[in-house]
Amino acid sequence: MVEPLSRGDEQRLIQRAKRREPDALRHLIDLHKERLFNFVWRVVRHHHDAEEICQEAFLKAFASLDSFRPEFRFSTWLFTIAYRLCLNALRRKRAFAGDVDFSVLPGHGEPVDEGAAQSEEARRVKTLIWDSVDRLSPQQRATVLLFYRNDQSCQEIARILEVPVATVKSHLHRARARLREMLEPVVAGETDRTRILAKLAG
Amino acid sequence: MAKLTCQQAEQLFDAYLDGELSASLETELDAHRLACAACRQALALMEVTGHMISADRHAPVLGEDFTQRLLACIETPRPIPIWRRRRTIWVAGSGLAAAAAIAIAFTFPAAPPKKVAGWQERAPSVSTSALPPGALKEHFDGQISQVRESTEWLANFGKMTVMQILDRLGLEQPNAGEKFGAPDSKRPGSRKSASDDDKRDIEDL
Chain A
1 MVEPLSRGDE
11 QRLIQRAKRR
21 EPDALRHLID
31 LHKERLFNFV
41 WRVVRHHHDA
51 EEICQEAFLK
61 AFASLDSFRP
71 EFRFSTWLFT
81 IAYRLCLNAL
91 RRKRAFAGDV
101 DFSVLPGHGE
111 PVDEGAAQSE
121 EARRVKTLIW
131 DSVDRLSPQQ
141 RATVLLFYRN
151 DQSCQEIARI
161 LEVPVATVKS
171 HLHRARARLR
181 EMLEPVVAGE
191 TDRTRILAKL
201 AG
Chain B
1 MAKLTCQQAE
11 QLFDAYLDGE
21 LSASLETELD
31 AHRLACAACR
41 QALALMEVTG
51 HMISADRHAP
61 VLGEDFTQRL
71 LACIETPRPI
81 PIWRRRRTIW
91 VAGSGLAAAA
101 AIAIAFTFPA
111 APPKKVAGWQ
121 ERAPSVSTSA
131 LPPGALKEHF
141 DGQISQVRES
151 TEWLANFGKM
161 TVMQILDRLG
171 LEQPNAGEKF
181 GAPDSKRPGS
191 RKSASDDDKR
201 DIEDL
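Quick note, the sequences are listed as chains A and B, same order. Using our numbering, the letters of the first sequence map in sequence onto residues 1 to 202. Using our numbering, the letters of the second sequence map in sequence onto residues 1 to 205.
Same shape as in the complex, but just chain A (with noise of 0.2 angstroms):
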């Protein structure tokens, strides 16, 4: 895991990239490609759309380095700009195949590396998790994502879904209800979380 840049250090390396020094891009593209591709795989859950999506959208980041506002943190550009690759990549889908059903796209289920100590409980709730995830909208599973997985305030997120903080609240709290609705009638029987996560825990 590469380790984030502190801001000083962030607009020199963007400098240096604006002069399209090989080392500083190369820099960049290693501090953000593996949360980058994690949260753009998460979103249209197909491994050659996610990295194709990611190399678009460094590269478009980079060929306007120039219109980049130092206010705001190189990642948050980046990942607005994989956002609405991924709107739009997901729009052809749908444009394609009708509403996507994200359980029949060839992503889906993808052989990743399961932690073997993972008790067979623990892996069933996970994948419950992932699979009542994936049925969000794109716009709440970019949110849940971000929220959670990138540690990003609503603040931020509001910036890379180019919408109001409130929406971005709105999305949250909809998407939580929908995960509720979809996971309690399965984990009824958990009735404490410290019980679930020792299971998770293995």
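These are calculated hints, taken from the structure and not from any lab test. One or more of the hints may lead you astray.
Label pairs and their computed distance ranges (CB to CB) [to be verified]:
#, chain 1, residue 1, chain 2, residue 2, range
1, A, P70, B, L71, 22 to 30 angstroms
2, A, P70, B, A31, 43 to 51 angstroms
3, B, A23, A, A166, 22 to 30 angstroms
4, B, K3, A, S67, 51 to 59 angstroms
5, B, I104, A, F72, 46 to 54 angstroms
6, A, L59, B, H139, 52 to 60 angstroms
7, B, D18, A, Q11, 23 to 31 angstroms
8, B, Q146, A, R91, 34 to 42 angstroms
9, B, D18, A, T127, 22 to 30 angstroms
10, A, S67, B, I102, 39 to 47 angstroms
11, B, A103, A, P70, 47 to 55 angstroms
12, A, L59, B, E138, 27 to 35 angstroms
13, A, Q11, B, A37, 51 to 59 angstroms
Computed from a predicted model, the values in this text were never measured in an experiment. Glycine included, each C-beta is placed from N, C-alpha and C at the ideal position.
With chain A fixed as given, assemble chain B onto it according to the hints.
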């Protein structure tokens, strides 16, 4: 303060999960969920879901050569699509416009005289064979200047506003009254300063 109902407690869930609940309300919510199994379960489910989403690090990874491929793309940029080549199109368009203007000017050396009041009549066409050398040079200079004007006009056409085009055509100019006669301000619906209003409308756009 009265005990929280389940409905009130549920309204606090989001703020609690976002860490935005005041200490006193958090205590109230804690007290409620200790006594209420349904709310305890609902909150536990949401906490676990959030925890799971944030903590699950199992996801596909990018190809190892991603950075290298990306850097190669930056070094060898893709060809620019035709619709993005505005500058090229503009330069090529100007050249074509100039060629078209020259062709038009030589095919139709002078427009036929207009009979509409207000149009300036052009000088009648003359036979160049009958002209003395000095007058011949003057005649061709005049033709060349017409071609130059037409070329510039065509080249700038795309950049002009409606008012500029009207001005260039000699219509609705501020001194249009001299050409067409003063507008009839007494006629119902007539506008005394129509061109000024048009200008304002265009500026508003």
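Here is what the structure says about each hint:
1. P70(A) to L71(B): 22 to 30 angstroms: holds, 24 angstroms
2. P70(A) to A31(B): 43 to 51 angstroms: holds, 47 angstroms
3. A23(B) to A166(A): 22 to 30 angstroms: For A23(B) and A166(A) the Cβ distance comes to about 25 angstroms; the hint holds.
4. K3(B) to S67(A): 51 to 59 angstroms: At 55 angstroms between Cβs, range holds.
5. I104(B) to F72(A): 46 to 54 angstroms: With Cβ atoms ~53 angstroms apart, the hint holds.
6. L59(A) to H139(B): 52 to 60 angstroms: holds, 59 angstroms
7. D18(B) to Q11(A): 23 to 31 angstroms: holds, 30 angstroms
8. Q146(B) to R91(A): 34 to 42 angstroms: At roughly 53 angstroms between Cβ atoms, R91(A) and Q146(B) fall outside 34 to 42 angstroms, so the hint is violated.
9. D18(B) to T127(A): 22 to 30 angstroms: Roughly 26 angstroms apart at Cβ, these two residues keep to the hinted range, so it holds.
10. S67(A) to I102(B): 39 to 47 angstroms: holds, 41 angstroms
11. A103(B) to P70(A): 47 to 55 angstroms: Taking Cβ atoms as reference, A103(B) and P70(A) lie about 53 angstroms apart, which means the hint holds.
12. L59(A) to E138(B): 27 to 35 angstroms: violated, 60 angstroms
13. Q11(A) to A37(B): 51 to 59 angstroms: holds, 52 angstroms
The structure fails to meet hints 8 and 12 from the earlier list, while all remaining hints are met.
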